[in-house]
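From just these sequences and the hints, can you work out the full model?
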Amino acid sequence: MLLSIDKVQKSYPGGRPVLRDVSLTLDHGQTLALTGESGSGKSTLLHLAAALDSFDGGEITLDGTPLSPLDDAGRAVLRRRSVSLVFQQFNLIPSLTVDQNLSFHARLAGNYDPTWGSHLAERLGLSDLLGSFPETLSGGQQQRVAIGRAMAARPKLLLADEPTGNLDETASANVLDLMLSLVVDTGAALLLVTHSQEIAARLDRRVHLAGGHIQ
Amino acid sequence: MTAAIVQALLSHWRTHRLLLATLLIGIALATGLWSAVQAINAEARASYAQANAQLALGQFDELRDPAGDIPLSRYVDLRRAGWQVAAVLEGSYRVGGRNLRLMGVDMVAYPALPAVIDAEQSTNPPDPADILTAPGRLLVSPDLAPLLREQNALPPILTTTALPSDVILTDIGVAETLLNKPGAISRLVVLPDQPHVLPPLSEIAPELERVGPASQIDTAQLTDSFHLNLSAFGLLSFAVGLFIVHGTVGLAFAQRRGMIRTLRALGVSIRRLVWLILAELTLLALIGGALGLVLGFFLAGALLPDVAATLRGLYGAPVTGQMSLQPEWALAGLAMAVFGTLLASGHALWRLSQLPLLAGPGLQAWRSSGSRRGFTGIAGFALIVGGVVIYLSFGGLIAGFILLGGLLTGAALLLPLLLSFAISQLARTAQGPVAQWVWADMRAQLPGLSLALMALLLALAANIGVGTMVSSFRLTFVGWLDQRLTSELYVTATDNQQGREVSDWLRPQVDAILPIRSVELEHETGPLFLYGVVDDPVYRQNWPLIASASDVWDKTMAGNAVLINEQLARRANLWPGDDLQFSPARALKIAGVYSDYGNPTGQAIVSMQQLNLISPGVETRRFGIRMDPGRAAEMAQTLRTRFDLPRQAVVQQAAMKAQSLAIFEKTFVVTSALNVLTLGVAGFAILTSLLTLWTQRLPQIAPVWALGLNRAQLSRLELLRSVLLAALTACLALPLGLVLAWVLLTVINVQAFGWRLPMYVFPWDWIVLLLLTLLAAMIAAALPALRMLRLPPADLLKVFANER
Numbered sequence: 001m002l003l004s005i006d007k008v009q010k011s012y013p014g015g016r017p018v019l020r021d022v023s024l025t026l027d028h029g030q031t032l033a034l035t036g037e038s039g040s041g042k043s044t045l046l047h048l049a050a051a052l053d054s055f056d057g058g059e060i061t062l063d064g065t066p067l068s069p070l071d072d073a074g075r076a077v078l079r080r081r082s083v084s085l086v087f088q089q090f091n092l093i094p095s096l097t098v099d100q101n102l103s104f105h106a107r108l109a110g111n112y113d114p115t116w117g118s119h120l121a122e123r124l125g126l127s128d129l130l131g132s133f134p135e136t137l138s139g140g141q142q143q144r145v146a147i148g149r150a151m152a153a154r155p156k157l158l159l160a161d162e163p164t165g166n167l168d169e170t171a172s173a174n175v176l177d178l179m180l181s182l183v184v185d186t187g188a189a190l191l192l193v194t195h196s197q198e199i200a201a202r203l204d205r206r207v208h209l210a211g212g213h214i215q
Numbered sequence: 001m002t003a004a005i006v007q008a009l010l011s012h013w014r015t016h017r018l019l020l021a022t023l024l025i026g027i028a029l030a031t032g033l034w035s036a037v038q039a040i041n042a043e044a045r046a047s048y049a050q051a052n053a054q055l056a057l058g059q060f061d062e063l064r065d066p067a068g069d070i071p072l073s074r075y076v077d078l079r080r081a082g083w084q085v086a087a088v089l090e091g092s093y094r095v096g097g098r099n100l101r102l103m104g105v106d107m108v109a110y111p112a113l114p115a116v117i118d119a120e121q122s123t124n125p126p127d128p129a130d131i132l133t134a135p136g137r138l139l140v141s142p143d144l145a146p147l148l149r150e151q152n153a154l155p156p157i158l159t160t161t162a163l164p165s166d167v168i169l170t171d172i173g174v175a176e177t178l179l180n181k182p183g184a185i186s187r188l189v190v191l192p193d194q195p196h197v198l199p200p201l202s203e204i205a206p207e208l209e210r211v212g213p214a215s216q217i218d219t220a221q222l223t224d225s226f227h228l229n230l231s232a233f234g235l236l237s238f239a240v241g242l243f244i245v246h247g248t249v250g251l252a253f254a255q256r257r258g259m260i261r262t263l264r265a266l267g268v269s270i271r272r273l274v275w276l277i278l279a280e281l282t283l284l285a286l287i288g289g290a291l292g293l294v295l296g297f298f299l300a301g302a303l304l305p306d307v308a309a310t311l312r313g314l315y316g317a318p319v320t321g322q323m324s325l326q327p328e329w330a331l332a333g334l335a336m337a338v339f340g341t342l343l344a345s346g347h348a349l350w351r352l353s354q355l356p357l358l359a360g361p362g363l364q365a366w367r368s369s370g371s372r373r374g375f376t377g378i379a380g381f382a383l384i385v386g387g388v389v390i391y392l393s394f395g396g397l398i399a400g401f402i403l404l405g406g407l408l409t410g411a412a413l414l415l416p417l418l419l420s421f422a423i424s425q426l427a428r429t430a431q432g433p434v435a436q437w438v439w440a441d442m443r444a445q446l447p448g449l450s451l452a453l454m455a456l457l458l459a460l461a462a463n464i465g466v467g468t469m470v471s472s473f474r475l476t477f478v479g480w481l482d483q484r485l486t487s488e489l490y491v492t493a494t495d496n497q498q499g500r501e502v503s504d505w506l507r508p509q510v511d512a513i514l515p516i517r518s519v520e521l522e523h524e525t526g527p528l529f530l531y532g533v534v535d536d537p538v539y540r541q542n543w544p545l546i547a548s549a550s551d552v553w554d555k556t557m558a559g560n561a562v563l564i565n566e567q568l569a570r571r572a573n574l575w576p577g578d579d580l581q582f583s584p585a586r587a588l589k590i591a592g593v594y595s596d597y598g599n600p601t602g603q604a605i606v607s608m609q610q611l612n613l614i615s616p617g618v619e620t621r622r623f624g625i626r627m628d629p630g631r632a633a634e635m636a637q638t639l640r641t642r643f644d645l646p647r648q649a650v651v652q653q654a655a656m657k658a659q660s661l662a663i664f665e666k667t668f669v670v671t672s673a674l675n676v677l678t679l680g681v682a683g684f685a686i687l688t689s690l691l692t693l694w695t696q697r698l699p700q701i702a703p704v705w706a707l708g709l710n711r712a713q714l715s716r717l718e719l720l721r722s723v724l725l726a727a728l729t730a731c732l733a734l735p736l737g738l739v740l741a742w743v744l745l746t747v748i749n750v751q752a753f754g755w756r757l758p759m760y761v762f763p764w765d766w767i768v769l770l771l772l773t774l775l776a777a778m779i780a781a782a783l784p785a786l787r788m789l790r791l792p793p794a795d796l797l798k799v800f801a802n803e804r
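Those sequence lines, one after another, are chains A and B. By the UniProt record's numbering, the letter at position 20 of the first sequence is numbered 20, and the numbering carries on one by one without gaps. By the UniProt record's numbering, the letter at position 296 of the second sequence is numbered 296, and the numbering carries on one by one without gaps.
Bear in mind the hints are in silico, worked out from the structure with no lab data behind them. None of the values given here were measured: they were computed from a predicted structure. By construction, the Cβ of each residue, glycine as well, lies at the ideal position given by its N, Cα and C atoms. Treat the hints loosely; a few may be bogus.
What the hints assert, rightly or not - Computed from the model, here is a short list of chain A residues facing chain B with C-beta under 10 Å:
#  : residue
1  : Q9
2  : L52
3  : T61
4  : G64
5  : T65
6  : S68
7  : D72
8  : G74
9  : R75
10 : R81
11 : Q88
12 : Q89
13 : T97
14 : Q100
15 : R107
16 : W116
Here it is as structure tokens:
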């Protein structure tokens with residue numbers, strides 16, 4: 001089991017519960033779509049799985065490591081080594097070039113392979129843009145850089161939060177195809193948050209979140 | 001409608017209190033430092049004016065005895081011979097823990113004293129007889145009156161506005177009693193309306209020297225350079241403070257763009273908005289300016305005693321050392337606050353007025369682009385070149401300050417370009433991803449931080465420049481003192497006869513007796529003091545020559561040449577090989593020029609024989625005594641006792657050096673204090689920039705955090721970024737500071753004081769300053785770094801939230 005979420009609870013400051021006893025599992029190489037209305041807690045669940053935030057109850061185990069005992073530094077190490085993230089807003093580092101953005105996470109994790117990096121750049125159609133800065137790229141190009149950054153680190157688990165939410169239909173299909181093919185090629189597991197039933201249908205499993213519960 | 005707009009505009013400050021506080025502190029610091037310097041200058045100048053008014057100094061000649069007090073018998077002799085002179089006795093008098101200057105004047109001889117006339121013109125005029133008869137009256141300023149009225153033993157008090165607040169004026173009879181100096185006279189004022197025929201002074205009182213108004217130092221004029229230097233520093237501090245105002249106003253405008261667009265969309269004209277924002281800025285400037293005035297008043301109060309001591313020690317200029325609140329000063333300070341705020345906001349206001357209604361919002365638009373950085377760089381370069389051209393074309397002190405201003409402002413404008421270049425070069429050497437990100441992020445942050453870094457550059461350059469000047473001056477001055485004060489004892493006898501007796505008695509007991517004779521001559525550049533010296537190895541080995549012809553001493557001692565001081569050389573543009581004209585019939589070749597720091601007048605040295613030819617009959621009353629330094633103190637005491645010489649007539653070299661150095665140190669206390677304060681303001685500018693940029697940092701930091709750097713690491717990197725930027729700025733400030741020092745030493749000093757100093761460098765001082773800068777940068781970045789450390793993950797996650 002790569003990811004195990006067991007009866008996790010999370011409340012916003014002020015006490016309003018977001019997640020109530022949520023449980024799910026994800027195996028190596030498996031893909032899972034997390035769907036739900038706005039405010040249902042899907043992004044929060046993804047953030048908890050990525051060790052970005054702490055939870056109030058239950059346990060999350062990532063690649064055999066329970067997250068609840070980890071402090072800030074421990075969670076940072078886990079993020080660096082075991083998971084990769086793709087966001088709706090791309091969240092590239094604006095001061096670094098495309099090339100530097102692509103290799104950034106892998107180099108932080110200490111597993112950067114330049115050959116794999118070049119292969120990714122080519123496959124994502126970024127070879128001619130390596131010296132550019134993110135602000136000069138289109139939304140689709142930026143999201144391809146974000147996917148490249150995530151996959152360059154050869155993560156065991158890829159977490160994607162509405163990765164096509166800011167893209168038009170063509171760019172969206174293109175980005176999703178690239179992401180799914182790379183996940184299959186690298187054997188990574190994928191947890192993807194989406195509103196789209198169409199996208200969810202392309203993944204191995206689908207979980208629907210409503211009112212903080214899995215339905 | 002206006003009320004609704006004002007409410008909307010002001011609501012911004014309610015939600016951005018830190019920005020409001022920063023803006024007000026920026027205005028207060030700028031106004032405070034400027035006003036403090038202006039207050040000090042105004043107070044000093046008021047003191048000179050009052051001091052001049054006391055005895056109409058500068059208008060009348062005075063008679064003085066170089067050996068000390070004038071005997072009462074001499075005063076009587078002069079009065080009997082028809083000389084209209086008034087005796088003055090001066091001394092220090094301690095009342096209620098304060099040292100006051102007690103001045104007794106023979107009011108029978110000189111009843112028309114301005115202070116007495118002022119008191120007589122009051123609503124309750126005193127009876128003139130009361131002032132002259134026991135117990136007498138003490139005339140003081142209204143500030144001082146309450147303190148003296150508490151003392152039971154003192155004569156009744158009269159108030160006058162014509163006196164400084166540390167002076168007591170009274171009849172000489174009362175002063176004798178209070179100072180316990182019966183029959184003593186410090187000097188004699190030669191009154192106007194003298195009889196047509198008078199016996200010459202040399203017959204009645206040959207030991208007295210007549211000092212004409214031209215020879216008396218005009219303190220206001222003499223201290224102008226000192227005040228100009230202070231003003232320049234005040235202006236620099238003001239400019240550094242305005243950097244804070246410029247930065248915060250620019251950010252506030254950028255933050256309010258959305259609101260302004262909405263207001264315009266709702267039908268408010270841009271003209272009305274600009275006027276209302278101008279009114280808002282004026283109000284904020286008045287509040288900040290008022291806070292600055294309070295700060296300035298206390299700062300000036302703290303610094304004034306040192307300035308007063310400097311002016312008294314260096315120029316003999318009377319300054320009270322006490323602050324009083326002047327309405328003109330407060331109004332000028334407020335006007336400066338409003339002017340500075342509007343000046344610092346002008347650019348942001350202009351951009352706002354040009355903003356199209358549908359222009360995109362965002363803070364990025366506020367930040368400068370690469371092309372703007374290039375334009376700023378060109379403007380900076382043009383300012384530097386402009387300053388140099390103006391100085392080379394016009395010369396003079398004002399042009400010197402324009403050169404300084406051009407250099408400093410130009411370098412500040414060039415800074416972002418230079419820093420960007422330096423960072424991009426350093427980024428190439430970065431190996432790891434974190435190092436790469438730190439350099440790239442630092443470059444991206446430059447536009448937001450450049451104003452604060454410019455302020456830091458100016459503060460550091462001023463520190464290095466002024467520090468180098470002061471240290472160079474000190475080193476030169478100490479060496480010069482050693483060269484000039486070669487004798488262990490300096491003796492002034494009461495007359496020629498006593499001079500001979502002292503000389504005869506000393507000869508078998510000491511190594512050498514070096515007579516010093518002098519005479520005051522007229523020269524086209526002002527008074528010229530001509531000294532005669534005997535040929536002695538001590539002069540040949542030690543005299544501080546800065547330019548000389550060959551065989552300088554042989555020619556001078558043979559009576560064929562003259563040595564002149566640097567002030568005369570520069571003022572009259574006379575150098576070795578030129579002729580110094582003593583009279584239409586007599587001139588001598590200049591063989592050398594010597595440094596003569598601290599002396600405002602021209603001076604020349606010839607052989608003793610030559611002096612006797614130029615001015616026959618000059619008395620030998622002064623001597624330098626070469627002897628074993630260990631016996632100097634004992635010998636000084638013996639001389640005083642044996643020849644009944646006053647204390648000040650026998651001076652030891654060590655005491656003279658110590659006193660000179662003490663005056664020197666005092667002179668630069670104020671500049672050092674302003675240096676530290678300016679550096680503090682620059683540190684505060686960094687802090688405010690970092691805090692105001694904080695909201696923009698999160699989108700840049702959050703992805704790095706998500707990719708695996710924890711908050712503690714990011715917090716340390718925040719500190720490192722600030723320290724690295726400060727260190728780079730310090731590296732660029734070093735050459736600028738050295739150029740500044742060079743300009744101060746070779747341009748400003750020459751123009752202001754008439755002497756040029758050699759420049760020395762002090763690397764250890766730079767290291768200390770660098771460490772101080774890094775510390776200031778760390779302190780400035782500590783708060784944002786602490787915020788980073790304590791930032792809840794939820795706040796960072798908001799960056800990734802889709803609804804953001």
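Review point. If you check each hint against the structure, which ones fail?
Key: 1, 3, 4, 5, 6, 16
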